[in-house]
Amino acid sequence: MINLETPRKFRPFIKQAHQVADEFLRANSRKYDLAEHAYPKELDLLASLVDGMGDSGQGQGAGAAAVRRDDETTDKASKVKNGTNMSSVLSVIEMCWADVGLLLSMPRQGLGNSAIASVASDEQLERFKGTWASMAITEPSFGSDSAAITTTAVKDGDAYVLNGEKIFVTAGERSDSVVVWATLDKKLGRAAIKSFLVPKDLPGIRVERLEHKLGIRSSDTAVIVLDDCRVPAENLLGNPEIDTKQGFAGAMATFDNTRPLVAGMAVGCARAALEDTRELLEQAGVVIDYDRPVQSQSYAAATFISMEADWEAALLMTLEAAWLADNRKPNSMEASMAKAKAGRVGNAITLRCVELAGTLGYSEHELIEKWSRDSKILDIFEGTQQIQQLIVARRLLNLTSSQLR
Amino acid sequence: MGIGLAVLNRIASSPTIDKLKLRKTTEKAVYEGARSGFRVAGATGRAFQRVKGSGRPARLARTSDSGVFDLNPTEDQEMIVGVIREFAAEVLRPGAGEAEDLNDTSKEVLGQTSEFGLTLLNIPESLGGLSEDRSAVTGVLVAEALAEGDMGQAVACLAPAAVATAISLWGSDAQQQTYLPAFAGDDIPSAALAVAEPRALFDPFDLATTATRTDAGLVLNGVKSGVVRGSEAELFVVAVDLEDRGPTLVIVESSTPGVTIEADPSMGLRAAGLSRLVLADVTIPVDAILGDGTDDDYRECIRLSRLAWAALALGTGRAVLDYVKDYVTTRHAFGEPIAHRQAVAFMVADIAIELEAMRLVTLKAASRAEQGLDFAREVALARRLAAEHGMKIGTDGVQLLGGHGFVKEHPVERWYRDLRAVGLMEGAVLV
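Chain order of the listed sequences is A and B.
Using the working numbering, count along the first sequence one by one with no gaps and you end on 430.
Using the working numbering, count along the second sequence one by one with no gaps and you end on 458.
Just so you know, these hints were derived from the structure itself, not from any lab.
A virtual CB, placed ideally from N, CA and C, is assigned to each residue, including glycine.
Hints are supplied without guarantee of correctness; some may be wrong.
In silico DSSO-like links for lysine-lysine, alpha-carbon gap of 27 Å or less [as the list claims (entries may be wrong)]:
1) A:Lys401 - B:Lys419
2) A:Lys354 - B:Lys352
3) A:Lys354 - A:Lys104
Now the stretches of chain B that chain A is said to cover, found in silico as 3 or more residues with beta-carbon under 8 Å [unchecked claim]:
4) 80–93
5) 96–104
6) 207–215
7) 242–253
8) 285–296
9) 318–331
10) 389–399
Which chain B residues face chain A? A few, computed with CB under 8 Å, are given here [to be verified]:
11) Ile380
12) Glu383
13) Ala384
Use the sequences and the hints to build the structure in full.
In structure tokens form, the structure reads like this:
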């Protein structure tokens with residue numbers, strides 16, 4: 026039965042997540058926006074809370090690892106499931122309503138943790154439990170073109186030796202380990218690209234510097250250098266064989282799970298801006314009426330309804346992508362659609378909110394200006410707007426990457 | 028028996044789609060000439076046998092909240108939509124050009140949809156209908172499926188259902204007993220829900236059509252627009268500004284003195300035979316006020332109508348998407364299919380993204396409506412998306428075909444004209 030309301034079983038948990046987000050994240054939002062690179066120590070306590078919830082099974086997928094698609098075959102195959110992908114996305118929305126940068130700095134909840142959850146074997150999952158893993162794909166010479174990886178991994182006895190430079194590593198300084206994407210053999214193309222869990226206490230891996238950014242300043246973005254770094258062979262995530270048939274698919278599977286999360290970040294951030302802007306508009310005497318035609322309402326009211334419409338669409342597309350994953354249906358295209366829609370409307374909404382709120386919105390008195398800076402990255406990382414459109418278009422039109430470049 | 032089986036049963040016992048014969052071209056020309064500039068008195072309809080109500084009106088129950096986020100339609104809904112999509116593809120789509128030239132939808136097509144039971148979806152079982160529960164979601168899925176074939180004919184087919192739904196949802200017991208049996212019978216009356224008025228910045232909560240109280244009853248004056256197949260309609264539900272009360276729905280039979288219909292051919296939706304309903308000192312009894320005439324009922328009517336328009340945009344948007352997908356992969360320029368260019372491919376991707384966006388918000392509004400939750404906000408948002416992105420889909424559809432999109436050899440120019448209606452129409456259809 027078609028129903029797009031928040032699942033009943035998650036409602037108490039979302040309420041709780043919202044309170045936590047308000048008290049731990051929103052309360053420290055401006056502080057760490059101004060103190061870029063300072064460690065948000067308040068999050069340590071929160072992270073142990075999340076760990077505790079996860080261990081006791083009450084977390085309902087609050088953590089980054091909840092995107093794992095377990096292989097248990099449900100005997101109630103026909104029954105529709107609202108599972109951990111859905112609850113993860115809902116939780117991310119609440120957290121990013123408070124602060125995107127701080128969510129990205131949550132100990133042990135890195136994108137690397139999502140990657141481990143997506144592709145690691147059960148043995149690896151157990152061995153890497155408790156680590157805080159960041160994700161290192163991008164290099165100075167490429168961004169969107171992940172197949173152009175130049176970081177190398179050469180098998181040497183019971184280890185791989187990694188060499189290369191990684192940039193834009195979110196939580197790269199604060200994390201305990203880094204999931205590094207490297208090629209086993211550049212000549213074999215995409216299929217030879219593998220990911221490795223590299224603990225940061227190994228010799229040969231170092232944080233070179235931290236970036237100064239437009240937004241999400243509370244989250245550290247690191248440059249990481251691998252210099253003859255010997256990584257145990259059993260830290261290669263997934264299948265070590267070079268399967269040219271499977272190509273890039275294995276590595277890319279991570280994105281089907283993480284893109285809805287990033288879409289959720291954009292949805293949460295934009296909701297914050299909409300809520301505060303609505304309050305400011307109402308203080309200024311603007312009436313928003315859902316029944317009267319927008320043509321007959323004030324420009325501000327009409328704009329607000331328009332923004333809210335795009336926001337609602339982004340939210341529902343995000344939930345759709347998560348719902349498909351929970352019900353073991355392919356969601357690559359829907360995940361990209363959600364990321365494309367949420368990324369662009371999240372950015373457009375927050376910027377428009379600044380405009381509507383005038384110098385008040387532009388100033389650091391309010392958080393709206395901050396959200397309009399934070400939202401930009403959400404239309405870039407985990408696949409830019411344009412990459413999402415490429416993915417959607419190729420699927421829709423049934424074109425290969427050599428036909429539609 | 029579920030709604031789906033009931034509908035299938037009706038279809039099985041009805042003349043098959045193959046029996047539909049299209050009018051000959053000569054007949055068409057004569058007919059069209061007669062239609063485009065008429066001004067006639069209201070159709071002399073049947074005499075509705077007035078029944079004195081005794082008890083409480085029959086009302087459909089709300090569906091219960093499942094508590095689970097779910098995008099799967101029910102089996103019944105899948106069955107109904109499957110049949111209607113086939114009908115839309117086999118009959119409405121191929122007949123769209125001809126219906127447009129006729130400025131009307133053929134009796135055969137209208138008869139066919141009556142046989143499917145479209146008017147019965149929201150009529151309670153106790154009054155000969157098919158439903159026990161509100162099914163706004165089914166209504167959305169049906170409107171979407173019909174419009175995938177052709178929006179103009181879809182509107183014509185749904186117009187009588189809008190009146191039946193209005194009487195079923197808000198009518199008094201007497202009104203239900205008087206009018207609904209006809210909609211559940213074999214010869215379904217033509218009927219129209221008239222809300223819009225021909226002026227800029229029209230607001231359904233600020234009506235120029237008035238109802239004045241006199242000793243003889245209510246006297247109506249004003250002009251309504253966007254009236255579907257007005258010259259054929261035997262029954263109207265009309266939005267008027269009732270003295271001392273404000274916007275209210277009233278039932279007007281077409282044979283009432285003072286009712287005139289003017290053809291109002293518009294840029295699109297031509298198969299819907301859009302007309303104006305001119306009310307000049309039309310006197311109706313006070314008990315022609317639909318139900319209790321409450322503000323809540325009126326608001327719900329406006330919302331459900333906008334929801335139906337959003338649903339229609341989904342179907343036409345889907346038609347555009349499928350058509351351009353095929354076109355851009357087969358049309359060659361500069362030595363390769365134009366789909367190989369990002370400027371083209373990204374436009375198609377955006378059509379798909381915005382269509383999905385519109386669809387989910389529209390479904391959310393519908394599911395809230397049938398669960399009895401407040402859905403004013405969701406309808407406003409769905410309408411916004413349908414108006415903004417729906418029109419964008421229409422214009423991009425033409426753009427992707429270039430000059431070929433501008434000529435009538437391809438249907439995209441019609442979809443462009445039809446999609447413009449969605450953000451501005453009020454009334455006419457309901458889910």
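Okay, the hints, checked on the actual structure:
1. A:Lys401 - B:Lys419: Holds - the C-alpha atoms of Lys419 (chain B) and Lys401 (chain A) are around 24 Å apart, at most 27 Å.
2. A:Lys354 - B:Lys352: Roughly 23 Å between the alpha carbons, so the hint for Lys354 (chain A) and Lys352 (chain B) holds.
3. A:Lys354 - A:Lys104: holds (13 Å)
4. 80–93: It holds: at least three residues are needed, and the region 80–93 of chain B offers 3 whose Cβ sits within less than 8 Å of chain A.
5. 96–104: holds (count 7)
6. 207–215: Per the Cβ count (0), the hint is violated.
7. 242–253: Not satisfied, violated; 0 residues make the cut.
8. 285–296: Per the Cβ count (0), the hint is violated.
9. 318–331: With 3 residues closer than 8 Å to chain A, the region 318–331 of chain B meets the three-residue bar; holds.
10. 389–399: With 6 residues in contact (Cβ-Cβ under 8 Å with chain A), the coverage given for the region 389–399 of chain B holds.
11. Ile380: holds (5 Å)
12. Glu383: Hint holds; Glu383 (chain B) Cβ to chain A Cβ min 6 Å, cut 8 Å.
13. Ala384: Since the shortest Cβ distance to chain A is 3 Å, the answer is holds.
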